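Listed in order, the protein sequences are those of chains A and B.
Residue 202 in the numbering used here is what sits at position 202 of the first sequence, and the numbering runs on without skipping anything.
Residue 201 in the numbering used here is what sits at position 201 of the second sequence, and the numbering runs on without skipping anything.
You may find that some hints are simply not true.
Some but not every residue of chain A turned toward chain B, in silico, with C-beta under 10 Å [claimed, not checked]: (1) Ala91; (2) Asp93; (3) Ala98; (4) Gly123; (5) Thr142; (6) Gly162; (7) Thr262.
PhoX-like cross-link-like pairs, simulated, lysine-lysine; straight-line CA separation at most 20 Å [to be verified]: (8) A:Lys31 <-> B:Lys322; (9) A:Lys227 <-> B:Lys142; (10) A:Lys238 <-> B:Lys305; (11) B:Lys305 <-> B:Lys322.
In case anyone wonders, no lab produced these hints; they're calculated from the structure.
These figures come from a predicted structure and were not determined experimentally.
We put the beta carbon where it would ideally sit given N, CA and C, even for glycine.
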Amino acid sequence: MESFVLIKQVPDQSSKAGINSDGTIDRAKAKRMLNPFDRYALEAALQTKRQHGARVTAITMGPPPAIEILYEAIAHGADRGLLMTDRRLAASDTLATAYTLAQTVRYAGSPDLIFCGLQTTDGDTAQVGPQLAERLGIPQVTYCEAFEIRDGILLARRAIEGGSQTVTVPLPALVTVANSAQRLAYPTLRGARRVQHLMRDEAARAEVIQIINLDDVGADPERCGLKGSPTIVAATEKVGEIGGNCQVFQGQSVPSLVKSLTEAASISSYSYAGAR
Amino acid sequence: MVQKRVLIFAEQVNGELQPIGLELLGSGRLLADKLGATLSALVLGSDIAHLPPILIGHGADEVFLADHPELAQYRTLPYRRVITDLIKSWPEPPHTILLGSTTTGRDLAPRLAAHLETGLTADCTDLDIGPFEYANSKDPSKSGLFPDCLYAIRPSFGESLKARILGPWKNPQMATVRPGVMVPLAWDGSRRGEVFQVPVQLDPSDLSLQIVETVRNLSQAIDLMRAEVIVSGGYGLGSPEGFELMQQLAACFPNSAVGSSRKAVDSGWIPYAHQVGQTGKTVRPQIYIACGISGAIQHRVGMDKSQTIIAINKDSSAPIFKFAHYGIVGDLYQVVPEMIRQLQQDQSQPQANLSERIPVLQGH
Ligand SMILES: Cc1cc2nc3c(=O)[nH]c(=O)nc-3n(C[C@H](O)[C@H](O)[C@H](O)COP(=O)(O)OP(=O)(O)OC[C@H]3O[C@@H](n4cnc5c(N)ncnc54)[C@H](O)[C@@H]3O)c2cc1C
Ligand SMILES: Nc1ncnc2c1ncn2[C@@H]1O[C@H](COP(=O)(O)O)[C@@H](O)[C@H]1O
């Protein structure tokens, strides 16, 4: 069985580094991290490895430093990685990204299952997964919280408004994994050792992590990057972080904590006492 | 002349229209009027002939109705097939297509957009029509002045930036719209509109996904939307009994209600009607008190327009402290009783007729 997991490196917005004063992000300076939603997708892919012996391939499209998250995926137990990187990919919107990823997936093999995160924290669209499934012509299960595979059939539970839905679908299929699914476990010792080895040994790394560009996967550059993107961000406007600087009370006795808070937030004016 | 259209997708569940459909009509009406376009509503389901008059009364000029047993419940591929077949049967694609950013809309819209090879903006909070002039030396073929573009406006980067996203080069220009943001038009029974039956031709491969079971708990709406003060409990309550404490705190305020996170609802501690968030209600009270709620993005989008957000959480690194205005780091089982005590102490008047004045206590 072949499981692919699509992961993206995103700016770490909790760190101040690289966050411009107008709120935009300087990607070169920003701290980078694995998209938190993709951790759930990786865990789901690793579940297929534990339960069905699947080979897990982590795929990312991004600038060269994105190789870091492939190492991270391998430390957690992924078997191999592909980095799609190419200057012509700059300014890709979701349609162009999904096209490039579809070509990359085809190049990488024929997966039984493709796992995506629910959304990214920078693109924040939740569109790339379904767009990729459409391009590949396979069914999808979005918002998946739990699943099992029996006789080539995926049985999955999805989160929906007011409840959940259980569906079955024959493989191959694409699954977007909800952040209410199983959390990613810690990296394995074996995985961490493997990464250390790969970082030291160029030849070994090349066997496990492939770095590819648009020409390798036969992608049409006109359909990628800025040219292949039907949308652009025309303007951004700062709206001010809501709340933003939370006034936090801690460390005192509970009665004084509560007193400080109710006074600061003038809660009492809304209470029966205040309504008098 | 070819007809210009603004098309909205109206969701139904068990034959009942979902509020998002009427919200999209309200927003779509403004766009269609600016464009001089027809406002068209599209609804798919089984035994749903009763829905078009509702859509027309709320602003649609025409309704496309796909009524077929295989469409009773939403599934990606059959819906994708019927809608793309319909759009491709028209001489011109619609100018704009709007869907809700519900779990259904966000499942369907990207498949439609990829199939139609067109742009899609996710989770918009504002829409408009206006001109756009574009010049980019890296991509000169796209340069030009475009008089009537869809302005798709959405929060981005942790909601501290608003982005205006445009794609005037190709129609349809598509967007999903956050539920609870757009305002429906008042019902007007005198409005007239046309109804068209949509042919349904499915491929066997469209039916490969089967729904085994759908569990929904769509109990009646409680008055979360009108409450001045909302006391919300999350998984940190640890048990259903925790909501009694939430009720007691809510009872300190005359116009109050009890809300919850999805995890508390999913644990069976409180009915779905109390859920705040992406798949629950969008609320904007004067005061929102979140007790034992971590502040996941899907909860946040339902409550971050509240005037004052207060968080009580024992974990100082919980994301809720990133956007709350005031917070206490501590055990809610110590903090909340103390808060109730202090609020009651402030108060000399006896609390008569509590259940009459506090919506949440009714029906319990
Ligand atoms: C498609 C989809 C839609 C969703 N829609 C929604 C939605 O509409 N609304 C929603 O809320 N969620 C929604 N979610 C779920 C969301 O991602 C989170 O899982 C959920 O909001 C978490 O709920 P919680 O904060 O109650 O629980 P947790 O994240 O488990 O947080 C519990 C918090 O309680 C704190 N705590 C524990 N004990 C105590 C104590 N004694 N005192 C004080 N603090 C304590 C902990 O520190 C923790 O921060 C959705 C998810 C998906 C995938
Ligand atoms: N550049 C990328 N490389 C690999 N996977 C991606 C990329 N962009 C998006 N994805 C996948 O698509 C999901 C949804 O992303 P988005 O549509 O940006 O919210 C992510 O969680 C990833 O699984």
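Results of checking the hints against the structure:
no. : hint                  : result
1   : Ala91                 : 8 Å, holds
2   : Asp93                 : 7 Å, holds
3   : Ala98                 : 6 Å, holds
4   : Gly123                : 9 Å, holds
5   : Thr142                : 5 Å, holds
6   : Gly162                : 4 Å, holds
7   : Thr262                : 6 Å, holds
8   : A:Lys31 <-> B:Lys322  : 18 Å, holds
9   : A:Lys227 <-> B:Lys142 : 9 Å, holds
10  : A:Lys238 <-> B:Lys305 : 16 Å, holds
11  : B:Lys305 <-> B:Lys322 : 14 Å, holds
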